[in-house]
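Below are the chains, spelled out letter by letter.
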Amino acid sequence: AQKVTQAQTEISVVEKEDVTLDCVYETRDTTYYLFWYKQPPSGELVFLIRRNSFDEQNEISGRYSWNFQKSTSSFNFTITASQVVDSAVYFCALSEWRGGSNYKLTFGKGTLLTVNP
Amino acid sequence: DTGVSQDPRHKITKRGQNVTFRCDPISEHNRLYWYRQTLGQGPEFLTYFQNEAQLEKSRLLSDRFSAERPKGSFSTLEIQRTEQGDSAMYLCASSSPLLGNTEAFFGQGTRLTVV
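Chains A and B, in that order, are what the protein sequence lines are.
Numbering of the first sequence is given in the working numbering, commencing with residue 1 and proceeding in unit increments.
Numbering of the second sequence is given in the working numbering, commencing with residue 118 and proceeding in unit increments.
Next up, chain B with everything else stripped away, as it sits in the complex (with noise of 0.2 Å):
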């Protein structure tokens, strides 16, 4: 287990189509994070997930925004009808419950550009 990864890397995706985002933590790693970084800003939470509960969402996160984590594992992270402003980095990162979750461990993210 080398570390949280994100698929795909890029997405270019046209205005008003659906786009998904998967993240695989890092194995045993009961907290899931989503972020949204655009850019020359820092990441922004959007959500978290402890094992396969949501519990808690940004209010950056609109409507058509879903995230789920249905087992506790890997988790999407899907937007609807893109708008161009949807455009950032989407970065997943996930902490261990043996480190007091002291420490969240990034993927390399997802960049999205919507044309």
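Bound-form chain A, shown alone (with noise of 0.2 Å):
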């Protein structure tokens, strides 16, 4: 079975601080992707970024960046110099892979991350 674990429940910095979130998973497939997602109160999920498991390459945007590791099976999200417009809940997702697609995504529970100014 599927399973993301987040960790931190609540992250709170001052603005400009650097903050990391953790994200951990569990699957016994070889072939799936993995996604963050950023939940403001408005309630839509934003995708921020997806990584597919033969790429391991650690990937760069901007302020944002993720740091992909199978062999501890984690996919960290890092915000460099946070800003207050960073709040939001943030959630890992894993994906199963079927018949040459992805389908479904298991999220993590999330973590509130509160920049504050």
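Read the hints as simulated data drawn from the structure, not as lab findings.
For glycine and all other residues, C-beta sits at the position ideal for the given N, C-alpha and C.
It is possible that part of the hints are untrue.
Listed below are the simulated DSS-like cross-link pairs for lysine-lysine, each with C-alpha atoms no more than 27 Å apart in a straight line [said to hold, decoys possible]:
{"no.": "1", "chain 1": "A", "residue 1": "Lys109", "chain 2": "A", "residue 2": "Lys16"}
{"no.": "2", "chain 1": "B", "residue 1": "Lys188", "chain 2": "B", "residue 2": "Lys128"}
{"no.": "3", "chain 1": "A", "residue 1": "Lys109", "chain 2": "B", "residue 2": "Lys174"}
{"no.": "4", "chain 1": "B", "residue 1": "Lys174", "chain 2": "A", "residue 2": "Lys3"}
{"no.": "5", "chain 1": "B", "residue 1": "Lys128", "chain 2": "A", "residue 2": "Lys38"}
Chain A regions said to be covered by chain B (calculated; three or more residues, Cβ under 8 Å) [stated by the list, open to error]:
{"no.": "6", "segment": "37-44"}
{"no.": "7", "segment": "104-112"}
Now that you have both chains on their own, put them together as the hints suggest.
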């Protein structure tokens, strides 16, 4: 069975601090995708990044960076120089792979990030 | 086409009443998913459609729940005889085969409160 663990329930930082959100996953599949989504108070899940199981390259997008390590089954997300607008709940998710494509997602419980001015 | 659309955004109903939610996916997206999110939890998979065919239902989807996607476009999720435990955010998502179904685009959700 698929499982995603986000051990940090809440994190509070001061603006401009760097913050890392942890994600550990479990799967027996050899092919899978990992995702991060942001959920602001409005409720919509905003896609941030996906990474497939064969691509362990780290990625940087502006102030966001992701560290994927298959050896530790982790896919951590770092926000550099945090801003108040980064305040939201962040979800890590794992997709199953069936019939040559992704389908349902298994989400972690989320990490509530609060960035204080 | 601006994204996945869900209606209504909020619904308050009395216990025992039936409710129906609608989801309009992004045009040409062949897959449509329903998820449920309770307070403080991540979304949980309920069911999904490929075109008009419902291919999988979670055990979370009790007999009181039914989902349809009659023409492979919009979908409805009906809950009969609502219970207080049904209070949650119901999220719809869609994905495209042109993108290998690698990314699900989510709507803003329907927040259900059963009183």
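Tell me, in ascending order, the numbers of any earlier hints that this structure violates. none
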